[in-house]
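*Asks:* One letter stands for each residue in the lines below.
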Amino acid sequence: MTSAAPAVDLEDLRFRYRRGPEVLDIPALRVPAGRTVFLHGPSGSGKTTLLGVIAGVLLPTGGTARVLGRDLGGLPPGARDAFRGTELGYLFQLFNLLPWLSVEENVTLPVQLHPARRSRLAGETPRDAARGLLTRLGLAGLWDRPVAELSVGQQQRVAAARALIGRPSLVIADEPTSALDTDRRDAFLELLFEECSAAGATLLFVSHDLGLGARFDERLSLPELNRVPVTA
Amino acid sequence: MLTLRLALRSLANRRLTTILTIVSIALSVALLVGVETVRRGVRESFAGTIRGTDLIVGARGSGQQLLMSSIFGLGSAAGTLTWETYERWAAHPAVEWTIPISLGDSYYGYRVVGTTEAFLEHYRFRNDGRPTVAQGTWVSSDRDVVLGSEVAERRQLHVGDEIALTHGLRGTGILDHEEHPFRVGGILAPTFTPIDRSLYVALEGIEAMHAGWENGVPPASALPSLVMPGAESPPATGPPPAPTPAPQVTGDTDHAGHDHQLTAFLLGTKNRFESLRLQREINTDTAEPLTAILPAVSLTELWHSIGFAEDGARLISAAVLLVGLLGMLVSLYSTLQERRREMAILRSLGAGPGRIAALLVFESGVLSVLGVVLGVGLTYLVLLVGGGIAERHFGLFIPVTPPGTLEWAYMGGVVVAGLVVGLVPAWRAYRHALQDGLAIRL
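Sequence lines, in order, name chains A and B. Residue numbers for the first sequence follow our numbering, beginning at 7 and rising by one. Residue numbers for the second sequence follow our numbering, beginning at 988 and rising by one.
The set of hints was computed from the structure by calculation and includes no laboratory data. All residues carry an ideal CB built from backbone N, CA and C; glycine is no exception. No false leads were mixed into what you were given.
Pairwise CB distance ranges, derived in the manner of DEER restraints: (1) 28/A to 1324/B: 26 to 34 Å; (2) 147/A to 1320/B: 37 to 45 Å; (3) 28/A to 1305/B: 47 to 55 Å; (4) 999/B to 28/A: 40 to 48 Å; (5) 233/A to 1003/B: 46 to 54 Å; (6) 28/A to 1341/B: 25 to 33 Å; (7) 1322/B to 28/A: 33 to 41 Å; (8) 1002/B to 193/A: 30 to 38 Å; (9) 146/A to 1305/B: 55 to 63 Å; (10) 1341/B to 33/A: 28 to 36 Å; (11) 230/A to 1003/B: 49 to 57 Å.
Use the sequences and the hints to build the structure in full.
*Replies:* In structure tokens form, the structure reads like this:
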């Protein structure tokens, strides 16, 4: 990827849900490429909505959102979906996995869905890539397990493997550690940093837990960036 | 096909609902195809009641009535025709064979048919099926009666038993021909046609038992029986005797058999193309008013006149199918809310709203295809296992044939309907996908 372009570059971004009030009004937000960035935001500050815009699932109602150098507002819906599937890894807070697929099938899903992502495996088969990642994340041998049999911590690591397969340029994490206890949280963060760095991916990590921020290259505060006040 | 694979996995995960939905669709399809197959079976069995006969001839009257009385043993004939008339037409150059029929007596509600060996030789049903004597022999004297299979079974009769036939078509006891008992000479093989519900005697037998019954009541004294030509015993004596003066039939107008009266006769032509011309000729016979009908045409007319029953059955099975499809809609729709999380995950992985909608359409497609396959399988299983039961208990012969055009159309229609039904939850999921973004709703 071109390291010159910031991973995320928002300008005068506005967003509102249909007929709803304005949720986001962000004059400027920039996430430099290749860094780990902590975005702090209490609940109700529009975190998930912002991530939806950055992932290209929601369209800005004003301003521009550039992700990895591309203006998402200018892309047709199909191209935005393909862009997200190819370039991004996404981690949810909880329940990241499809319960009807095995561990390995969950991890390989992004490369199955998008041929462009598969081509980034550099000759590795999806299965080998998935197993390699799972092994590094301490989940060796669980390949064919139904995901429901895993602990929450294991599930989040499987989700991390899925976000990282095929070396995405940007990994977005939406409070992925909130359900983990302190020890597991720290271990998970370590793994996430290592793997993002190995994949050369930018990490945008969102949390309400300010205590995590110290480990990141940069810290941003959503309530300071967003002109729309936090709603209770 | 990744979307299809995902749909299958997702369905497999909701095994119980999936199976129940498939079973409910399968049952509706089985009912639909089953009703269709039975309908076709009944229709074929009905249309096959009589084959190979080109014309049925009886006294002037309604064609339907003639068909019902002469072939199905239902109701009474419009009247009788004379032996001379029969002989005259039997000798017609276009006619190859004839089967005379004389009706009017019964046995516990079963019709007694007076006829000749020509019946055994020329009567055909379904695909070249012919009546065959399973036990004993065909009628060989005027005291012999041959039973249809159902008559023998229901009345517990065996070869050698003696029975008294009843004058008229209803009841027993009051006007039994006790002075002329019959001996069961043979029992016919099952045909699944009205033959099974009939008793066959020689025309001479009819004559003999009605000797002295010219007024429709038992004779004061027994009269010598008249013997018809072609009978093997007692020996025939010359040409048929001249008919006795005009029959004085009182009250029992459908009753033939007195004084060489016939109810009807079936005929086969030498050349099938002559049938229509011959029919016109018979219908315009100036010597005696007659009605000749083409059995196939009359059967079709009769079928159409009772066709509303099959429409009713079809309507009901279509309604059941509709309920089955609605059940699928409900089961897919009701899972949508809990699957919004799943949809958000797929969205985050780059699946477009269209793909998510397709996933649901595929699910309904898989459900309908499996439902149809299971339903059709079920139908054939029931037909193969239950076919014998239908034959034994209802005298209904349902041929097990591969699905016809209509069945295939039904099957295709169910799958298409299933896909259309799947569009409803798919559309809903599409809307969710656009609205929810990546928010995971629990």
